[in-house]
Amino acid sequence: MAGAAFVTGLALLPTVAGAASYSVRSEVDATRVGVEDQIQLTITMEGSEGPDTVALPALTNLRVVGGPYESTQVSIINGRMTQARSWTYALQPQAEGRAEVGTVTAGEETAPAIAIDVVAGSVRPPQPQRRRDPFGMDPFGRDPFEELLGRRREPRAEPKVLIEAAPSRRSLRVGEPLLLTYNLYTQVAVSDLNFKEAPQFAGFWTEELERPQTPPSGEAATREGEPYRRFPVLRKLLFPTRAGTLTIPAATFRIGLPARGFFDEGQVVERTTRPVTVTVEPLPAVPGFTGAVGRFQARATLDRETLPLGDAALLRLRVEGTGNLKWVDRPPPVEVAGAKVYPPQVKSDFDVTPQGIRGSRTWEFVVVPETTGTLEVPPLRFSYFDPKAEKVVAAETTPLSLRVEGGTVAAGAVAPPGAVAAGGGALPLRADLDPSVLAVPSLGGRTVAALAALVLLGHAGLWGAGLVRGAFRRVGGHTTPVRSVRAALRDIERAGRPGMTKEQAAALLDKGLHEAFGDLDDGDGSEKARAVRALLSEVHFVRYAPQLGDYSETLRDLAARAGAAVRRWA
Amino acid sequence: MRSGLRLGALVLGLLAPLVSGARAATADARFDEANDLARSGDYPKAISLYRELAASGDESASLYWNWAQAASSRGDQGEALWALLRARELDPGDRAVRRDVEAVRESLNLDPAEIAPEPLAAAARIARRFRLDVLGMALLVLSLAAHVLARLRPGSRWPVSLAWVAFSLGVLAAAAPIAGTLARPTGTVIRRGAPLLDAASPSAEPIGSLREGEVVPILEPGGSWLRIEDASGARGWAHVADVRRLDVPPDHEWPER
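For the protein sequence lines, the chains are U and H, in the order given. In case it helps, our numbering puts the first sequence at residues 1 to 570. In case it helps, our numbering puts the second sequence at residues 1 to 257.
Among the hints, a few may not be true.
Unchecked claim - If you want the ones that stay clear, here's a sample from chain U, every Cβ over 10 Å from chain H, calculated:
hint : residue
1    : S71
2    : A84
3    : T105
4    : E158
5    : A189
6    : R223
7    : T277
8    : P282
9    : P378
10   : R430
11   : G445
12   : G499
13   : T501
To be verified - In silico contact screen, one side only, chain H against chain U (beta carbon under 8 Å); selected entries:
hint : residue
14   : N35
15   : N66
16   : G75
These aren't lab readings, by the way, just hints derived from the structure by calculation. Backbone N, C-alpha and C define an ideal beta-carbon position, used for all residues, glycine too.
Sequences are here, hints too, so could you generate the full structure?
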């Protein structure tokens with residue numbers, strides 16, 4: 001720390017048995033500084049059991065301009081290992097008067113606050129940006145050449161270096177290019193330069209330009225009365241995308257300065273540009289205007305003048321000029337009467353120049369004629385905003401003619417996208433109209449529903465009629481359930497069929513008559529009872545009589561009479 | 001007087017087949033003419049003739065098949081899908097039509113559900129394909145006849161069984177065409193990026209765009225505008241030049257695209 005007003009706001013706290021086995025101290029390299037000077041604050045923690053990090057203490061009238069730079073030192077003395085970690089900050093006074101570094105707290109340990117007196121201007125020579133050894137054991141802390149030569153090395157003065165962002169203009173229209181140049185002004189040699197943080201250009205499209213060719217020694221320039229060498233280090237082309245007041249934000253660069261000797265590490269300084277504000281005017285709202293800004297020419301061509309029907313022509317619309325054409329995707333509408341125009345393919349060829357984007361964009365439309373004759377491609381209008389004329393103008397192409405000759409589809413014709421016909425060959429057309437003629441016309445859902453309802457009504461009517469009929473039967477003295485009457489009639493009908501023995505047939509007749517009339521009371525002398533009893537008697541006779549002949553005729557007669565009796569009285 | 005009427009009726013009876021035959025011959029000739037135009041690549045004129053034929057009542061699956069081929073060759077995949085779906089409506093059993101419906105649907109990147117928004121419409125097609133309407137009615141009438149017979153011949157059991165079987169099958173068969181009537185009418189979007197508007201007016205604000213080939217239920221047909229619901233559930237109005245109905249034949253009055 002030779003020559004430096006090294007002052008320690010020391011607080012090497014004694015280690016007490018049973019207390020924490022680490023200590024913390026904070027130091028500044030000067031307690032009296034000018035408002036233009038910087039102070040180096042070092043917080044050191046010795047011991048192995050302390051916290052992992054130490055928070056920055058409260059700062060009064062000071063701000064952090066660098067750091068923290070962390071370092072760890074391990075040493076072994078008399079076989080005992082000690083460890084020290086330090087955090088170094090660069091502080092800048094904010095105003096004349098009193099400043100203070102607050103109390104440092106690390107776990108249970110603290111280091112007291114340090115008061116600093118800030119005076120006007122600068123009171124200390126510039127310090128090299130070398131990190132301090134927290135233990136003060138920097139072997140190069142003392143300059144060997146100072147003792148050898150009897151004089152000190154010259155301390156490095158604050159380098160005269162600055163960066164400026166220079167826009168080509170501060171007022172423009174949406175879509176117009178703005179050339180932004182970052183100029184380096186320096187009085188010293190510079191070894192390196194890069195962004196600390198790349199700026200975000202909100203509200204702009206950006207295009208990178210090649211680094212300008214300048215003489216190695218730069219250009220002479222004067223800033224605030226001092227001579228500098230100016231180097232344009234970076235150029236960007238910005239296109240505002242919206243109207244209003246837009247701000248190009250400040251950009252911070254890291255500038256490397258070369259080493260001046262064997263023991264000099266060189267220096268890195270940071271410089272920040274000032275924000276740049278530009279005013280962006282909106283574009284006029286004109287129908288058909290797609291946002292192109294600049295100066296353009298348009299030209300339309302056809303790849304052929306004559307073609308057979310079924311073949312395709314290629315219509316090219318080429319727009320070229322300087323402006324923001326790169327961001328214009330939509331071509332003007334193309335409609336050709338009698339032809340189908342398919343969406344275009346786009347080809348572009350652009351070159352970014354400080355004046356804007358120069359080049360061309362070509363839209364290629366496939367035109368498939370749908371009829372024979374001469375088709376007219378109307379003039380195509382490409383509208384753009386001309387900044388010089390301050391209005392939207394149109395570049396118009398000349399009309400074109402396309403003669404379509406009749407004939408079959410040409411071999412190798414451009415197949416329309418997605419044709420059903422496989423392979424794009426002859427259409428698989430059906431030869432016969434084959435109108436659908438139905439023997440029975442389709443009824444339709446509603447007709448079916450209506451007819452079904454009618455059928456249901458019919459069923460319901462029949463069922464209801466059966467109920468009514470049963471009711472009338474009961475009123476008329478018919479007490480046998482209808483179901484039993486049906487069963488009886490079925491049995492009687494079966495008995496009259498051939499193929500049964502006389503016993504089987506007679507048994508069925510017997511069963512049927514009993515189903516229909518039940519057990520008749522012997523005292524019942526009604527016509528019904530007499531007739532049924534006579535029938536049963538004949539049935540029993542046939543059933544139990546010896547098989548002396550053919551009884552089929554007799555059984556049929558009995559079945560007929562039994563059926564008639566059931567229908568009449570049951 | 002009476003003899004004069006009889007003569008007139010006789011003449012009309014004799015002329016009717018002649019008139020019908022002449023009309024069929026004319027339709028066939030125009031169909032051939034349209035096919036020739038399509039083969040020569042003059043798709044607009046071919047489609048115009050197909051439309052005239054369909055509007056005149058000479059519809060058939062073959063006519064719409066050819067229409068679809070011409071429209072597809074012209075690049076109008078939505079119109080091709082509409083024509084194929086209309087052909088499927090007329091002849092649900094046409095396998096080639098069903099195959100091409102799938103091919104065009106896939107070329108339009110449509111999900112199967114996007115061309116079948118009304119499941120009950122499929123029931124109606126099945127009914128048409130297998131003539132379930134006629135079959136169902138025949139069975140129901142048969143069941144009624146068997147019921148009558150069962151009443152007339154109470155001793156016979158088979159009419160009762162026949163009536164029940166015929167009635168059950170008839171109800172099942174008739175259910176499909178009846179269910180088909182519950183399906184809403186549908187239409188096909190035939191223009192790419194057709195707008196869905198918030199009102200039935202040319203100056204209405206678009207609330208979305210329709211997918212080419214998508215089949216949409218028609219909620220309210222009205223003049224040149226159809227109130228529809230797209231696959232996302234959005235409801236709005238579309239022009240009949242953009243959405244073609246599937247439930248009715250084309251009209252002479254349909255606007256050109």
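Going through the hints against the structure:
With a closest Cβ-Cβ approach of about 63 Å to chain H, S71 of chain U is found to remain outside the 10 Å limit, as its non-interface label requires. At roughly 68 Å, the least C-beta separation between A84 of chain U and chain H is larger than 10 Å, which holds for a residue marked as non-interface. With a least beta-carbon separation of about 61 Å from chain H, T105 of chain U lies farther than 10 Å from that chain, consistent with its non-interface assignment. For E158 of chain U, the requirement that its beta carbon stay farther than 10 Å from each beta carbon of chain H is met, with the minimum near 65 Å.
For A189 of chain U, the shortest C-beta to C-beta distance to chain H comes to about 63 Å, beyond the 10 Å cut-off, and the non-interface label holds. Against the 10 Å criterion, R223 of chain U stays outside the reach of chain H, whose nearest CB is about 58 Å from its own CB. With a minimum CB-CB distance of about 39 Å to chain H, T277 of chain U clears the 10 Å threshold, and the non-interface call stands. Annotated as non-interface, P282 of chain U keeps its C-beta farther than 10 Å from every C-beta of chain H; the closest such distance is 24 Å.
Every beta carbon of chain H lies more than 10 Å from that of P378 of chain U, the smallest distance being close to 19 Å; the non-interface claim holds. Not every Cβ of chain H is farther than 10 Å from the Cβ of R430 of chain U; the closest lies at roughly 4 Å, contradicting the non-interface assignment. G445 of chain U, annotated as away from the interface, has a beta carbon of chain H within 10 Å; the closest lies near 3 Å. Consistency note on G499 of chain U: stated as away from chain H, and its beta-carbon is indeed over 10 Å from all of that chain's, at 18 Å minimum.
For T501 of chain U, the non-interface assignment is confirmed: its Cβ lies about 22 Å from the closest Cβ of chain H, beyond the 10 Å cut-off. At about 5 Å, the closest approach between the beta carbon of N35 of chain H and any beta carbon in chain U falls short of 8 Å, and the interface hint on this residue holds. Proximity of N66 of chain H to chain U holds as hinted, the smallest CB-CB distance being about 5 Å (cut-off 8 Å). With a least beta-carbon distance of about 4 Å to chain U, the hint placing G75 of chain H at the interface is held under the 8 Å criterion.
Hints 10 and 11 from the earlier list are contradicted by this structure; the remaining hints agree with it.
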